[in-house]
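Visitor: Single-letter residue listing:
Protein chains: 2
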Amino acid sequence: MYLISFCTMDCMEEKFFTSTEAAKITQCSRRQLQYWRERKVVVPTVNTTGKGRNVYYSVSDLWALSLMQYLLSMGLSFEVCQSTLDFLRLVEPVLVENPLNYKAKKRFMLWQSGENEGLRCVEFNEEKAITAIQNGQAIIPLWMETLGERLEKKLQVV
Amino acid sequence: MYLISFCTMDCMEEKFFTSTEAAKITQCSRRQLQYWRERKVVVPTVNTTGKGRNVYYSVSDLWALSLMQYLLSMGLSFEVCQSTLDFLRLVEPVLVENPLNYKAKKRFMLWQSGENEGLRCVEFNEEKAITAIQNGQAIIPLWMETLGERLEKKLQVV
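First to last, the sequence lines map onto chains D and Z. No gaps in the numbering here: position 13 of the first sequence is 17 in the numbering used here, and each next residue is one more. No gaps in the numbering here: position 145 of the second sequence is 149 in the numbering used here, and each next residue is one more.
Worth flagging that the hints you see were computed from the coordinates, not collected in a lab. Check before you lean on any hint, since a few could be wrong.
[As the list claims (entries may be wrong)] Listing some non-contacts, in silico: residues in chain D with all C-beta distances to chain Z over 12 Å:
hint: 1; residue: R57
hint: 2; residue: S81
hint: 3; residue: E83
hint: 4; residue: R124
hint: 5; residue: Q160
[Unchecked claim] Keeping only pairs whose Cα atoms sit at most 30 Å apart, straight-line, the calculated DSSO-like set for lysine-lysine is:
hint: 6; chain 1: Z; residue 1: K109; chain 2: D; residue 2: K110
hint: 7; chain 1: Z; residue 1: K110; chain 2: Z; residue 2: K44
hint: 8; chain 1: Z; residue 1: K109; chain 2: Z; residue 2: K157
hint: 9; chain 1: D; residue 1: K109; chain 2: Z; residue 2: K109
hint: 10; chain 1: D; residue 1: K157; chain 2: D; residue 2: K109
hint: 11; chain 1: Z; residue 1: K44; chain 2: Z; residue 2: K157
hint: 12; chain 1: Z; residue 1: K109; chain 2: Z; residue 2: K158
hint: 13; chain 1: Z; residue 1: K157; chain 2: D; residue 2: K158
hint: 14; chain 1: Z; residue 1: K158; chain 2: Z; residue 2: K110
hint: 15; chain 1: D; residue 1: K28; chain 2: D; residue 2: K132
hint: 16; chain 1: D; residue 1: K44; chain 2: D; residue 2: K132
hint: 17; chain 1: D; residue 1: K157; chain 2: D; residue 2: K110
hint: 18; chain 1: D; residue 1: K157; chain 2: Z; residue 2: K132
hint: 19; chain 1: Z; residue 1: K158; chain 2: D; residue 2: K109
hint: 20; chain 1: Z; residue 1: K109; chain 2: D; residue 2: K157
hint: 21; chain 1: D; residue 1: K158; chain 2: D; residue 2: K110
hint: 22; chain 1: Z; residue 1: K44; chain 2: D; residue 2: K158
hint: 23; chain 1: Z; residue 1: K110; chain 2: Z; residue 2: K28
hint: 24; chain 1: D; residue 1: K44; chain 2: D; residue 2: K109
hint: 25; chain 1: D; residue 1: K132; chain 2: Z; residue 2: K44
hint: 26; chain 1: Z; residue 1: K109; chain 2: D; residue 2: K28
Just so it is clear, the structure is predicted and the values come from calculations on it, not from any experiment. Cβ coordinates follow ideal geometry from the N, Cα and C atoms, glycine included.
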């Protein structure tokens, strides 16, 4: 199934997806989608019609789901994933709203600022990242263009 | 309270600690200790006496608790922490048994081998780590001498 066979990436931003499609595209389970909806992590639009309630995910929602899935797949806890998503929504609202149109190389990293510190999301800085690694401290890069490209690919062939 | 005021680090290896002491030294909660004991992640020695059941943690157990606590504080999930501990017990049994006597610079890292891969524990390699970071992939260094030194410090002043 080619969801966007005759659709440019610009018009993709206005497309909406069902829970089944969203799960397929982002590789999240239906159960995860439901859980995150209840916890207000990623809340889709709900349409009440005569036929019942329909749930629709925007491309921005899919991006948020992909980010959660990516961080979870790395072994990070739910709390860290959620706070990273919240942070990016706060500092990069334009990017989060239009994840496919955003072509600037916006890069962040989860950075362990001190020996006994947890991970903090800060702007990616290669020099700082390498110094951290050389001091035995953790770095988890979060490159927005990579996340956007991944989602774009998944949207092209579902 | 100076637990080892008249004790060298060599004899420390044979010392045992109560749950309360273990929690204090490793900064784990009593609840975590209990949970990990039930899940057989870190199982202390149990002494049944006329006065009841006493639980004792060895220095090796404290090291395992410290490792769990360190990885959890970084935001990693319980599963990743446990599998990392299991891996180190498998490949470095001598180190895990005698964490304070082990002075060799044994270094590992949690390494994201591919774009969609989770973290794997491998030997630390600075060049590989830097390349990973430059490609936007995660690195969480795990240096055994650092973990050992941290525990040693905590044992000196509790």
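Visitor: Could you check the structure against the hints above and give me the numbers of any it violates, in ascending order?
Guide: Violated hints: 2, 3, 4, 6, 9, 13, 15, 16, 19, 20, 22, 25, 26; rest satisfied.
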